[in-house]
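S.K.: Below are the chains, spelled out letter by letter.
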Amino acid sequence: MDLDALASCFASPACLVTQTTSGLIIGMLLFLVAVGLTLIFGVLKVVNFSHGAFYMFGAYFAMTAYQLTGSFALAMLSGAVGTAILGLIFERAFMSRVYGADVLMQLLVCYAFVLIFDDVVRMIWGPEFKSMGMPAAFQVAPLFIAGGVVPPYYLLLIGVALAAAVVLGLGLARTRIGKVIRAAAHNPGMVSALGINTGLIYGGVFALGGMLAGLAGALAAPVRSLTPGMGFSVLIESFIVTVIGGMGSILGALLGALLIGLIRSFGSLGFPLFTEGLMYLFMVIVLVSRPTGLFGKEVA
Amino acid sequence: MTELQASECARVVKVPRIDARPQRFRDILIALAAFVVLALLPTIFGSKQLLDFVIRCAAYGLFATSLNLLVGYTGMISFGHGMFFGLGAYGFGLMMQKTGVSIPVAFVATLAMTLVVAAVIGAICVRLKEIYFAFVTLAFQMLIHSTILSWQSLTGGDQGLRGGIPRPPFLGIDLSHPLHLYIASCALLVIGLLLMRQIAQSPFGYTLRMIRDNPTRASFIGINVWRAKLVIFVLAALFASTGGMIMALFVSGAYPEFAYWTISGEGIFINMLGGVTTFLGPMVGTVLLLILNDTVTRLTEYHGIVLGIVILFFAIGLRKGLMDFVVEWYGHRRSETGERAP
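Line by line, the protein sequences give chains A and B.
Numbered according to the numbering used here, the first sequence spans residues 1 to 300.
Numbered according to the numbering used here, the second sequence spans residues 1 to 342.
With the rest of the complex left out, here is chain A:
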């Protein structure tokens, strides 16, 4: 425990800015992963335990595309599109077989794929740490805000994630497809009786969730090291985010992700070894006081 470091950080604007930005990028990346998770749970009623693998694949796809083409935009695109296709295949071929089955079965199918995907990555890209490196376009002098260091890439990352949040939120609330998705979440039987292909919606939502996780992985690739199994800690953290926010709530995922990001970033100053513990403690406190999360609906 190092409470002095935490206190002195709160007294210094420079430190506050640096820590808040790093908390925000952790939070935004977590949000992208968690919102896919919450969407899949909300519509398909499946807890996708293999969601972290899509984050991992997004990062590896982006790295490979960047090494082949040298284009940052293509790297992001291949990360997102590649995982969307992967998500669609995964859902149609395997997850769709266990809908309505025991929660245990669904968890096990996902658990099996966590093991399989990690080994597939190990086979293709090797077991060692990889790094994509910061694209040349972002290798510029950092910004100084109130004395705090803010790399421009961080701003891009936060911007992209925020844009995704807005597009997703508005898309679900306003567009026709969004309404159909929400209807399918509420009453799939009715939606399919109206002649809408629910299988297609389920596949689409899973692909969308996979895409968001893949985009998060691609965005994280320049700033994090890549390793098989990297999806794991992200998965657990995004579970915490969705549970804190309330499973199925997009706004909850945003709030939860920001809270966890800030807890991680400031917690690493005050409690260097217990940073993870702080997150779990926070989750326990939230669940004990509000069993369905901050924005969760009471399950009948």
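These are calculated hints, taken from the structure and not from any lab test.
From a predicted model like this one, the values you see are computed outputs, not experimental measurements.
No farther apart than 20 Å at their CA atoms in a straight line, the calculated lysine to aspartate or glutamate pairs in the EDC-like style are these:
| id | chain 1 | residue 1 | chain 2 | residue 2 |
| --- | --- | --- | --- | --- |
| 1 | B | 98 | B | 158 |
| 2 | A | 45 | A | 102 |
| 3 | A | 45 | B | 130 |
| 4 | B | 320 | B | 213 |
| 5 | B | 48 | B | 294 |
| 6 | B | 320 | A | 102 |
| 7 | B | 129 | B | 213 |
| 8 | B | 48 | B | 174 |
| 9 | B | 129 | A | 102 |
Given the structure of chain A, go ahead and fit chain B onto it with the hints provided.
M.R.: Chain B alone, transformed into the frame defined by chain A:
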């Protein structure tokens, strides 16, 4: 619920007649026979590897069977049951390293500590249902894991409890001797299984099945669901903790992985593999998983893929565990032949 509906319920649910006495006698006989067979193994085979394998089976088997009291019997999918395995290993290891008490005292003290911790955590967790219960138990597991990692002065952090666990002889039993450790582990396994079997077959055990099948009805007829769930949560924790203690004795230490969430995941997987509707299903699953792990790890470095495919076979192909499958198939065959008989 109207009176009509209530009587409907009463008509639909078949209440099995519970006459536990003859069964208890049979169970004790089976347990004794199993113990004798296990105890004779070293004289027949005498390979060190086999003894080690059985000890590991005892540790994981107690853990997995106790998890099935929650998952299979009560319908509580705990994703944090491994915390009690870790707690048992660390509690026992620390007690032996720091206090110098005798092994039976440390054993009982660790159980007492597990009881207190499980009662506190359980009181919070069992209020929640289904997936939220799974997550809050997972959170507690990781909280304990983080505590072990960060409390370096006591637990050794990510290095684990090192320097070996002292095993002073007591009552003529010397657990630092491999054969003694083997016999003690077998005894703990058999006694543990026998006790859990008695819990599962008791009226309380049938109350648990009822809570699993219809919690609303259970509370309507006056069962305190929260209390029943808490009691089984604590009891299961005690057996998991015993498994952890066997593991600590076996490896002469305790490591943070013992309290990591993957151990809970493995426990669930073992249950799935063996089957959750038969009492010995988790035991069969334990043996299968350990054999699978040992052979696959020897054959390929990509054992995740192999393990994953096996899980998929059970989850999507069979849709049930091995023992469930066997029992169902056997029951099917018997009813068929029964019909054919004049």
